[in-house]
Amino acid sequence: MKDAFRRGLADFLNYRYLHGICVATIALSVFVISAFGLFLMNASDMMASWKRGIRVIAYLEQNTDPVVREDIIAEIRSYEGAGEVTYVAGDEAFDWLRSEIGRQSALLEGLSENPLPDSIEVSLSADIGGGDAISELAERIGAISHVTEVEYARQWLERFSGIYNLFRLTSMVLIGLICAAVMLIVANTIRLILYSRIEEIRITRIIGADDTFIKYPLFMEGAMLGLAGGAAGLLLLYGAYAATVPQLESAGLLVYFQVRFLPWRTALIILSSSMIIGWLGCYLSIRRFLRF
Amino acid sequence: MRFGRNMLFDPEKTIIRLFEVSKHYGETDALVDITFDVRRNEFFFISGPSGAGKSTLMKLLYLGEPMSSGYAIVDGMNLTRIKKKQIPLLRRRLGIIFQDYRLIPGKSVFDNVALVLEAAGVASRREIRDRVMEVLEKVGMADRPDVCPPTLSGGEQQRIAVARAMVGRPSIILADEPTASLDPESAETIFDLLVAAHDEGATIVITTHDRYLLSKGCTGIVYLKNGRCIHSDGVDR
Numbered sequence: 001m002k003d004a005f006r007r008g009l010a011d012f013l014n015y016r017y018l019h020g021i022c023v024a025t026i027a028l029s030v031f032v033i034s035a036f037g038l039f040l041m042n043a044s045d046m047m048a049s050w051k052r053g054i055r056v057i058a059y060l061e062q063n064t065d066p067v068v069r070e071d072i073i074a075e076i077r078s079y080e081g082a083g084e085v086t087y088v089a090g091d092e093a094f095d096w097l098r099s100e101i102g103r104q105s106a107l108l109e110g111l112s113e114n115p116l117p118d119s120i121e122v123s124l125s126a127d128i129g130g131g132d133a134i135s136e137l138a139e140r141i142g143a144i145s146h147v148t149e150v151e152y153a154r155q156w157l158e159r160f161s162g163i164y165n166l167f168r169l170t171s172m173v174l175i176g177l178i179c180a181a182v183m184l185i186v187a188n189t190i191r192l193i194l195y196s197r198i199e200e201i202r203i204t205r206i207i208g209a210d211d212t213f214i215k216y217p218l219f220m221e222g223a224m225l226g227l228a229g230g231a232a233g234l235l236l237l238y239g240a241y242a243a244t245v246p247q248l249e250s251a252g253l254l255v256y257f258q259v260r261f262l263p264w265r266t267a268l269i270i271l272s273s274s275m276i277i278g279w280l281g282c283y284l285s286i287r288r289f290l291r292f
Numbered sequence: 001m002r003f004g005r006n007m008l009f010d011p012e013k014t015i016i017r018l019f020e021v022s023k024h025y026g027e028t029d030a031l032v033d034i035t036f037d038v039r040r041n042e043f044f045f046i047s048g049p050s051g052a053g054k055s056t057l058m059k060l061l062y063l064g065e066p067m068s069s070g071y072a073i074v075d076g077m078n079l080t081r082i083k084k085k086q087i088p089l090l091r092r093r094l095g096i097i098f099q100d101y102r103l104i105p106g107k108s109v110f111d112n113v114a115l116v117l118e119a120a121g122v123a124s125r126r127e128i129r130d131r132v133m134e135v136l137e138k139v140g141m142a143d144r145p146d147v148c149p150p151t152l153s154g155g156e157q158q159r160i161a162v163a164r165a166m167v168g169r170p171s172i173i174l175a176d177e178p179t180a181s182l183d184p185e186s187a188e189t190i191f192d193l194l195v196a197a198h199d200e201g202a203t204i205v206i207t208t209h210d211r212y213l214l215s216k217g218c219t220g221i222v223y224l225k226n227g228r229c230i231h232s233d234g235v236d237r
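Protein chains in written order, with the numbering used here: chain A, 1 to 292; chain B, 1 to 237.
Chain A on its own, in the form it takes in the complex (with noise of 0.2 Å):
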């Protein structure tokens, strides 16, 4: 094995022209799939965080008992989906909205009595699905005795969900299609190469080579032209990365949410699937070289 790879590498250093052409299409095919998974990521950020300002407020009957009150926040707690609950009395609700509104508290100053019900605020977990979920909870609570309305944005998180939805089945159907045609293209750019060997690899039988001797360094060379590729292509997404946020920051178009690069990991994990792609499009075009 070690010999192999020597070999291997030499080979990987010896032929830099068609090796080249090889690590640049997969460093481009990287490229390409690593750009939609960054802006798929950055995109489920900002979504998840517009949902977690999504609350469901329950509005309780006048006078309920405290008791009573406590038993429903408790009930509420154990829900799935249910993040923070907090009571908010009725005169606490209403001393906010004062202050919220500041010069025109003047025209609160002639109610007679306190028009805001007490109520139970729920804001949702991380780890809450889609709408649905949001909409059974609500339901869930609004079942609840002494809850006379549960209130959340409906039609709101409807369209969110729908464009969510949308945007994740689109964005899956894309990374499948688009990994499908980079295996191709791979697997044809190897083969090319192995193509151009072809007089290299009858030779080396016709000395005495076995399979074995033959097969180890290709496959080691197939597993560092994708290594090399995918090195080369996260490279070049980390480039154009730091070349445009901090100034789409500058200009305050990111104001809202923060975009990250990819976590060190997901880098971990396309860097080996590079690797095995390579692998992959080695072990597959090399069958029919070896039959002669």
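Hints should not be assumed to be uniformly reliable.
Unchecked claim - Here are the simulated distance ranges between beta carbons: (1) B/G140 with A/Y17: 29 to 39 Å; (2) B/P150 with A/L9: 16 to 26 Å; (3) A/R168 with B/P150: 38 to 48 Å; (4) A/I276 with B/P150: 52 to 62 Å; (5) A/T244 with B/A142: 50 to 60 Å.
Hints in this document: simulated from the structure, not taken from any laboratory. The beta carbon of each residue, even a glycine, is placed where N, CA and C say it ideally should be.
Once you've looked at the hints, dock chain B against the given chain A.
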């Protein structure tokens, strides 16, 4: 002279035996009923005009092509019954030289020659280096181990091919028209190298229709024409 398949076969003396070997490409008969023996340490010629089947016969000896029918033994290995995974073992017992050299252009002179030892499983880098340099010394190319074949002349490339054939210390060297592409001086050098390999104990089998080469003398010869053996002769036969 005819040999029977079951005629007394002494592997100590006979290194190649072909009995009624034929090769067909579809309807075309490339070789028909070729029968002859080559003894150990012979200097043997296979001759005949172009298209006689000399190169095809050479390919059958190293199993570059399978036989269509017949019976063949090369250095103790029965080519009729050989398994696919044994073919590399057969080829490691042979040194093969081609008219067009067949060197790997992207590898250095040293690497081209060393590849034989690596393929044979010689693990020690020192042993590989010593043996390669020894054989490059013999063919007069020890001063340029790092150059690539395309930068060398035809004669120099063929010397590298001879070095590659000799480095594995094979029992048989098969040379398919080794001097056909060379000028007379280079041809002389290559022939002398083959004679030297013969003197060291190798059996040499050369295909050629070069009368100057044939005039150098040999211990055995077969003539082919239209894929058939029309004459065979040799010392002590």
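>> To test your reading of the hints: which numbers does this structure violate?
In response: 3 and 4
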